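In the working numbering, the protein residues as written are 2 to 230.
The hints are simulated quantities; they were obtained by calculation from the structure and are not laboratory data. Keep in mind it's a predicted model, so treat the numbers as computed, not measured. Do not rely on the hints blindly, as some may be mistaken.
[Unchecked claim] Computed cross-link-like contacts, DSSO-like style, restricted to lysine-lysine with a CA-CA straight-line distance of at most 30 Å: (1) K214 to K131; (2) K153 to K99; (3) K76 to K65; (4) K93 to K66; (5) K171 to K76.
[Stated by the list, open to error] Ranges between beta-carbon positions, derived for each pair: (6) E20 to K137: 43 to 49 Å; (7) K214 to L11: 56 to 62 Å; (8) D44 to E119: 43 to 49 Å; (9) N15 to L139: 51 to 57 Å; (10) Y53 to M104: 45 to 51 Å; (11) L11 to D80: 29 to 35 Å; (12) L139 to F203: 28 to 34 Å; (13) F203 to D80: 38 to 44 Å; (14) N73 to E147: 22 to 28 Å; (15) E20 to G61: 35 to 41 Å; (16) I195 to K137: 15 to 21 Å; (17) V68 to N15: 24 to 30 Å; (18) N15 to K214: 17 to 23 Å.
The beta carbon of each residue, even a glycine, is placed where N, CA and C say it ideally should be.
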Amino acid sequence: MNFKRASELLQIANNYNIEVSEVFSALKQALEVVLKCGKLHADFSNEKISFYEIIYNRFGEERKKFVQIKRNNYKAVQDRFISIVISYSLEKKREQVKSLKSMIFKGKIEKVLKSGFEVSSNIGFGFLPKVEILRKDLARMQLGTELYLAIKKFKSTKKAPNGALVFTRKNMNILEHEIMDNMSDCGVYYIEKISARKISIFCTKMPTKDQIKNAMRVANTFLDIQVRN
Numbered sequence: 002m003n004f005k006r007a008s009e010l011l012q013i014a015n016n017y018n019i020e021v022s023e024v025f026s027a028l029k030q031a032l033e034v035v036l037k038c039g040k041l042h043a044d045f046s047n048e049k050i051s052f053y054e055i056i057y058n059r060f061g062e063e064r065k066k067f068v069q070i071k072r073n074n075y076k077a078v079q080d081r082f083i084s085i086v087i088s089y090s091l092e093k094k095r096e097q098v099k100s101l102k103s104m105i106f107k108g109k110i111e112k113v114l115k116s117g118f119e120v121s122s123n124i125g126f127g128f129l130p131k132v133e134i135l136r137k138d139l140a141r142m143q144l145g146t147e148l149y150l151a152i153k154k155f156k157s158t159k160k161a162p163n164g165a166l167v168f169t170r171k172n173m174n175i176l177e178h179e180i181m182d183n184m185s186d187c188g189v190y191y192i193e194k195i196s197a198r199k200i201s202i203f204c205t206k207m208p209t210k211d212q213i214k215n216a217m218r219v220a221n222t223f224l225d226i227q228v229r230n
């Protein structure tokens, strides 16, 4: 890694999906901590970046003291720098996830694990734990199964230090999407959960017996069909 080239910092910003200014700030912080110097400033010239701290000589004159990354402290600077960059990236991803928590996404099971499933979606790969799946749905969760997902949280782990999406299937909006898919030709315009064992479905056309049966299987509850034109 060349800390002295602006193009290198731009590439890091793109890789971690953060602003160049945040990458620059991370490098500045890493240098100040590892090199134990004062507040650093930067010079930019021909794509090269030089950092310096302002000092004063015995006559009170201002001078620039440029810092050097030596071989014995290069790795420490690099490790601290990447750590700060990752923290910026994780914080940005968490903020993005917050704005998506109310949305439903289509996904597909890519790998079956003991504790859950690795899934792909239109917002990226993630993990769907078995505890986040309704018991009635577990039997149909197989490799290649397409399903609706909601975001549970975003977290970093040893296996995914840059963070990973954790999905859930325990979401009323998912049930609404599945019912509307099943009754796509019935003009469903509103679904309301009356109680733990009853759901009202408002539509413009009466569903067929098969559609009602499938919807009951999906909802695992009784249905109250209200047809209103």
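Now for the hints, and whether the structure bears them out:
This hinted pair checks out: K214 and K131 have alpha carbons roughly 25 Å apart, not beyond 30 Å. Only pairs whose Cα atoms come within 30 Å are accepted, and K153 paired with K99 is accepted, the gap being roughly 10 Å. The suggested pairing of K76 with K65 holds, with an alpha-carbon distance near 25 Å, which does not exceed 30 Å. Between K93 and K66 the alpha-carbon distance is near 34 Å, which puts this suggested pair outside the 30 Å criterion.
Proposed proximity of K171 and K76 is contradicted: the alpha carbons are some 45 Å apart, above 30 Å. For the pair E20 and K137, the supplied restraint of 43 to 49 Å holds, since their beta-carbon distance comes to about 45 Å. With their beta carbons about 57 Å apart, K214 and L11 fall inside the hinted range of 56 to 62 Å. As the Cβ distance of D44 to E119 is approximately 47 Å, the hint placing it in 43 to 49 Å holds.
Restraint check, N15 to L139: a C-beta distance of roughly 40 Å breaks the suggested window 51 to 57 Å. Checked against the hint of 45 to 51 Å, the C-beta distance between Y53 and M104 comes to roughly 47 Å, which is consistent with it. Between L11 and D80, the C-beta spacing of about 21 Å breaks the proposed range 29 to 35 Å. Checked against the hint of 28 to 34 Å, the pair L139 and F203 passes, with Cβ atoms roughly 30 Å apart.
For the pair F203 and D80, the beta carbons lie near 58 Å from each other, so the given range of 38 to 44 Å is not met. For the pair N73 and E147, the supplied restraint of 22 to 28 Å is violated, since their beta-carbon distance comes to about 54 Å. Checked against the hint of 35 to 41 Å, the C-beta distance between E20 and G61 comes to roughly 38 Å, which is consistent with it. About 19 Å separates the C-beta atoms of I195 and K137, a value consistent with the hinted range of 15 to 21 Å.
About 26 Å separates the C-beta atoms of V68 and N15, a value consistent with the hinted range of 24 to 30 Å. For the pair N15 and K214, the supplied restraint of 17 to 23 Å is violated, since their beta-carbon distance comes to about 51 Å.
When the structure is compared with the earlier hints, violations turn up for hints 4, 5, 9, 11, 13, 14, 18 and for no others.
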